[in-house]
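Undergrad: Take full-length UniProt numbering: the last position of the sequence shown gets the number 191, and nothing is skipped along the way.
Quick caveat, the hints were computed from the structure, so don't treat them as lab data.
Think of the CB as a built atom: it goes at the ideal place given N, C-alpha and C, for glycine as much as any other residue.
Worth double-checking, as some hints may not be accurate.
Claimed, not checked - Label-pair distances were calculated between CB atoms; the ranges are:
id, residue 1, residue 2, range
1, Gln31, Asp134, 18 to 28 Å
2, Gly118, Glu47, 47 to 57 Å
3, Pro147, Pro53, 18 to 28 Å
4, Leu138, Val74, 32 to 42 Å
5, Gly163, Asp21, 43 to 53 Å
6, Ser139, Leu103, 32 to 42 Å
7, Arg146, Gly72, 46 to 56 Å
8, Ser162, Asp21, 16 to 26 Å
9, Asp134, Asp21, 43 to 53 Å
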Amino acid sequence: MRASHRDRDQVVEILQVAAGDGRLTATELDQRLDAALSARTLGELKELTADLPSEGLPPQPREVVRIDQRFGDVSRTGRWLVPRRMEIRLMFCDMKLDFTEALITQNTLDLDLDLRIGGNLHIITRPGILVDPDGLTLSRGDIKIRPTTDPDAPTILHIRLSGQARGDIIARPPRRPISALRGKQQRSIES
1 MRASHRDRDQ VVEILQVAAG DGRLTATELD QRLDAALSAR TLGELKELTA
51 DLPSEGLPPQ PREVVRIDQR FGDVSRTGRW LVPRRMEIRL MFCDMKLDFT
101 EALITQNTLD LDLDLRIGGN LHIITRPGIL VDPDGLTLSR GDIKIRPTTD
151 PDAPTILHIR LSGQARGDII ARPPRRPISA LRGKQQRSIE S
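Construct the entire structure; sequences and hints are all you get.
TA: See the structure below:
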């Protein structure tokens, strides 16, 4: 798989931390930095850090998360790591993806959907999250995408929807502002 600028930057960070910890000499650091910045594939990057610890770096998301649910409800709420791609198959089931506290480590999430009869998706956004339904084929149901509370916020995540939908898709900001939710949590802790 081809390496991105973000992949190269993460390897550079690992190498710099390793040199700071005394795990690499200045010469080794220079050689590995040159190799990291010119690497074309993830395999080439992996070789540069294979003998180094990666502790202290942000967690890396899974490439693909697959969810196949019939009946009942599924949710991702609170602090969860957003993968690069989700393949979601729902039938007679509601799914809630709440991004208000999600850990976002890349700028794009591809949602490949197969929402069958009674399969509904609710996406809770926050400022800087854009939902793009252009790749979606809607057979039944509705798509409602409400704007975030701060339209001028820089984009932190672009959610691209694709696949088939025979249920409803709703993307909206939280009912209460995020700051109000955090204040409520602190008050309950202090009590």
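Undergrad: For a quick check of understanding: which of the numbered hints are violated here, in increasing order?
TA: Failing hints, ascending: 1, 3, 4, 7, 8.
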